[in-house]
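Trainee: Spelled out from the first residue to the last, the chains are:
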Amino acid sequence: MGSEKNASIKRIQATGQMKKIMADYFYQLDEAARSGSSKIAWCTSVGPAELLLSLGFQVYYPENHGAMLGATRQANDYIPVANAIGYSPDICSYLTSDIGAYIKQETPLTRAYPGIEGLPRPDVLVFNTNQCRDVQDWLGWYARELQVPIMGVSTFRNIGDVTDLAVTNIAGQIRELIPELEQISGNRFDLDRFREVMALSGRCTELWKQVLETNLAKPAPMSFFDATIQMGPAVVLRGSETAIAYYETLLAELKTRVSEGIGAVDNERFRLYWEGMPVWGKLRDLSELFIGLDTAVIASTYCNSWIFDAFDPEDPFNSMARAYTEIFIVRDEAFKQRYIEDIVSRFGLHGLIFHDSKTCPNNSNNRYCLPERLEESLQIPTLTINGDLNDMRCYSDEQAKTNIEAFIEQLESR
Amino acid sequence: MKYYVGIDIGASTTKALILDGERQVLGSGVVFSGADFSRAADEAFKRACEPVAEDVRSSCFITTTGYGRKNIAYADQNMTEISCHALGTYHHFPHPHTVVDIGGQDSKVITVEASGNRTHFRMNRKCAAGTGAFLEEMANRLQVELDDLNELALQAEQDIEINSYCTVFAASEILTRIREGVSVPDIVRGVFNSVIRRVIEMDPLEGSIVLCGGVVAYFPVLAKMFETRLGREIFVPPLPQLTGALGAALYSWKAEGDKNA
Ligand code: SF4
Chain Z
1 MGSEKNASIK
11 RIQATGQMKK
21 IMADYFYQLD
31 EAARSGSSKI
41 AWCTSVGPAE
51 LLLSLGFQVY
61 YPENHGAMLG
71 ATRQANDYIP
81 VANAIGYSPD
91 ICSYLTSDIG
101 AYIKQETPLT
111 RAYPGIEGLP
121 RPDVLVFNTN
131 QCRDVQDWLG
141 WYARELQVPI
151 MGVSTFRNIG
161 DVTDLAVTNI
171 AGQIRELIPE
181 LEQISGNRFD
191 LDRFREVMAL
201 SGRCTELWKQ
211 VLETNLAKPA
221 PMSFFDATIQ
231 MGPAVVLRGS
241 ETAIAYYETL
251 LAELKTRVSE
261 GIGAVDNERF
271 RLYWEGMPVW
281 GKLRDLSELF
291 IGLDTAVIAS
301 TYCNSWIFDA
311 FDPEDPFNSM
321 ARAYTEIFIV
331 RDEAFKQRYI
341 EDIVSRFGLH
351 GLIFHDSKTC
361 PNNSNNRYCL
371 PERLEESLQI
381 PTLTINGDLN
391 DMRCYSDEQA
401 KTNIEAFIEQ
411 LESR
Chain A
415 MKYYVGIDIG
425 ASTTKALILD
435 GERQVLGSGV
445 VFSGADFSRA
455 ADEAFKRACE
465 PVAEDVRSSC
475 FITTTGYGRK
485 NIAYADQNMT
495 EISCHALGTY
505 HHFPHPHTVV
515 DIGGQDSKVI
525 TVEASGNRTH
535 FRMNRKCAAG
545 TGAFLEEMAN
555 RLQVELDDLN
565 ELALQAEQDI
575 EINSYCTVFA
585 ASEILTRIRE
595 GVSVPDIVRG
605 VFNSVIRRVI
615 EMDPLEGSIV
625 LCGGVVAYFP
635 VLAKMFETRL
645 GREIFVPPLP
655 QLTGALGAAL
665 YSWKAEGDKN
675 A
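Heads up: the protein sequence lines correspond to chains Z and A, in order.
Note that the first sequence ends on residue 414 in the working numbering; no numbers are left out.
Note that the second sequence ends on residue 675 in the working numbering; no numbers are left out.
These are computed hints drawn from the structure, not numbers from a lab.
Among these hints, one or two may not hold up.
[Claimed, not checked] If we take Cβ atoms under 7 angstroms as the criterion, some of the chain Z residues that face chain A in the derived model are: (1) Thr402; (2) Glu405; (3) Ala406; (4) Glu409; (5) Gln410; (6) Ser413.
[Said to hold, decoys possible] Label-pair restraints from in silico Cβ distances: (7) Z:Asp161 / A:Ser452: 40 to 50 angstroms; (8) Z:Tyr368 / A:Asp469: 50 to 60 angstroms; (9) A:Arg643 / Z:Glu288: 37 to 47 angstroms.
Cβ coordinates follow ideal geometry from the N, Cα and C atoms, glycine included.
Same shape as in the complex, but just chain A (with noise of 0.2 angstroms):
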């Protein structure tokens, strides 16, 4: 049997999945990128490969994407995260619509139509603010565990907006808001609020939006935030977080049927 891999290097973490002929998913993995790319594909790889009987290696088609998508020497192909996004939400969600993927250093919003194909796609990276390290730091600063965000933010009594651009900044407001004995789950709601603001700051996010990357597999919180905000629903794939490697393995997929074509 062949199978299909797709392995999403990221900055922050790396992500493996893999698929059979029917596209169904077999296995993933996920771990932290650390400073070896390599050594992360490697294991997030292996780790996908434990649920299968099979040797996985013996006969696949890998593609790689993300941060470290050319440092992997055994891929077959590598594809940008932008195309993997927008075609593992195509996938599950095979209609017009708005990706907005939130990562550990990155967000992106990609704007997919009726046939798959992508139209416009903006990438920010100039800085920490609206992603997954905006939110380290923040968690750092108030002292609280990175894990227990979720929860805070769900026993918030109230809005409150952090305004800053910058994360530097943003950390003295949540000096001034803990002078002002704001209560710590008001500030990380206000924290949650603030990379929705930067997301919605890239583009209109017109039509249906599929949120997914880590920080809302990790975050849940920020779907529910995200649809209040916008006023209608939010769409999120079951693996939000496997979203690029999914989209890889897919890609892995395409480049064999077009071979047999």
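With the rest of the complex left out, here is chain Z (with noise of 0.2 angstroms):
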């Protein structure tokens, strides 16, 4: 400890591209909803997105946007006004900072992308609640506000074994999206068109896997900081050739950084597990400290709940209820636990970061003992430090910094 490194982030070149092919993405959106070109779905994140782009739905995720509000720093303008209506300050800081900026009619989208004035106004909400009931409400004020239709799949929660009972309800409640969709899009459903982007997302679903495996690698070549910016076309161009075509590239960079010995993190020490919501205000910052303290934090479960590993375009409908409902934040506590002890082992990690995320607690894993449980069976220590994804005002910088420099002081002296 002592003395302060000079800590830079190591650029990811295909970032460039990246930028490029998600300005594509936002202008694309902004011109359909203009010209009415093509009919706009908003869709949570873990949504049946590849049903609504087979029926020809341009998709945006606001979930996307929540997070870009937080990045920018810009979420405590928006969540105050949010809270004044009557949104507690306690729900996800994604849905008040979003309805917020909404009504204050702001977007960080305009300042990203010159000429584009709002978000593009949808025809249609569509949320699945695997992740939490939040994005049902927050998709429900802007139906009452924009006279908007609404619909979606309410998932089973906290399950084990993902069942063929579970998995056939989940199919049949996305079956039944199908005439309402039909009706809005003016597009009649086809099944080949359903399994050809069940088949693009699917490929770049193995390849985002393979980017985050690239971290098996020690040194590991992507932090979790960058990963969680280079998820972006995983969520928002998923069933697209574009998407494929991005992973290829940054996966080629990430191996050849592993062929090289690069590493994110020069004198890699430390390996890392990150649990929970990224604190989007504060990832440079976070970024940057691990850098100085020679640790790298390359693992997450955040980063892999854009794998799908089930999806099978033979078997669209039961392949994505099966995809979407094994996902971590759906599983049981045993599940959560055997999740984390199988990552630890095989990426040879040193202990686990738990951020207890005061706006979500779906997505806190701290809060049922699971640290303590996985202290016990990995013998390995965790920490959990309290903040949020948006909302910096639960986040202490100096609190946040100190709890994570001792931590690596407490790995020092192990």
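Each chain sits in its own coordinate frame; assemble them with the hints.
Mentor: Written out as structure tokens, the structure is:
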């Protein structure tokens, strides 16, 4: 400890290409919304996007917008606006910052993409409660505000095995969305097109998984903080050739780093897991803090949430239902424990950091004794830091830094 | 002669301590941190130097810790207060134990194993509950001097509970007690009980407990009350408020040892 090091983040070259495809994506959405050339669906991040794409919708993801509000540190300008109309400061700060921004008729999209004046107006709002109830409440506000139809899938929660019964139920709910979606889009459902989109999305998720697994190498080529940015196309462009091409490029770059022994962190001493949401407004600070401590944060539940192993174009409804129900956030504590144990041993990790995100209980997995159970089973230490995904009123720089530095000192003394 | 210095720049007070090569304490100083951490560090260091005849600054190794640990340009190294408290208590109690440090602005619980290594720690800085700041606020509400709290708690005739986690809610609970006619000493004891409860909620507090920090230094009644609450002996180091500074000085001593090794 002690001497402060210069901690600069190594740039991933592919990022330039990512910025371009993300810009194209937003301009296309904007164009479609203005001209009416295609209908717009707003969809929660792990909602049935592939079905919407197959029906010809252009898909916009409010959570991606929420993350932009956090990363640009604008969230706290808007959260109080939503608080003032009755949304508690204790509920999802994506929801509160996004709704607050809408009320003020502001969005980071206008600054990032000149010419765009606002969000693409939705023709339909589609949710999946697999991650939480907040997404339904969030889209529900827009449904009332904009008088737009809302529909979705209500998932099972806290389940161990994903049973056939659950899959059949969810697949049934997805099928039931079709007639109304056909009506809104003006297009007939086409099973072959659906299969095609599922295949594209499947390829994207496979590549994303390979990208994350390059971090099995020592030193690991990409930090968690980089990965949260690199994840953008896997969220908003899945189901497209563009995303596949992007991850092929990124994968090649990371493989080169691995073969040349280049790590995201020089002198990688410790390898850690990040459990829970990113602190969007502090990505750079935290990234630099860990680099300065020669510590690589290289595996996470968050980035893994867009790995959909179950996707099978031959059986699109059931496999989509399974994939979107298999994700970590839906599962019970025993599953979560096994899941993290497996990653810790495969990636050779020395410790786990839990982010207790004040407004996202769904993704704060420290709250039911999981850190304590993992310390016991893995015999490695854990640290919980208090914070939030977007609401910086809940985050203390000084407290987080001291905790993290003390944790690294603890690892040093082992 | 070489001197080993530890300076703990806390949110409320700054503490400095000097050790010789035999790890004997030569001097110490405590000042309020105020708004200028480096001035507070200078002042505490100066006071710690007073009993030492030689010029300590000309031959010393300095480790800083605490909230302002990175603000002191002349420090040779800095360590977090978690590590320093653990080393400071282990120096006096070289066996497995749990450190409970109640400071002006935060409280910490640290588990130390037989080797002196830390296995676990938790810090509460989310609010004033369970810290010296809570006691200050309550003294203010009761319109009694902070310095009198210890004596008042000793005069209490009954245990009352202040349940609220939030300092503002706790203050209104106190108003209710006053309305009910509960005596000030009983309320003060209730306030100390509340601090203890907040700490007990942080950790199972297994094994021997070493209590340190400014709050126990100023209010020894707290250690007694902790003992009653937990039903076992509580250990308090000789200079409880200087535990972090002692740990930092010991890190200075170790750093030199490592250099010479
Ligand atoms: S999972 Fe958490 S962050 Fe995501 S939408 Fe739900 S409450 Fe918000």
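Trainee: Provide an ascending list of the numbers of those earlier hints which the structure does not satisfy.
Mentor: 7
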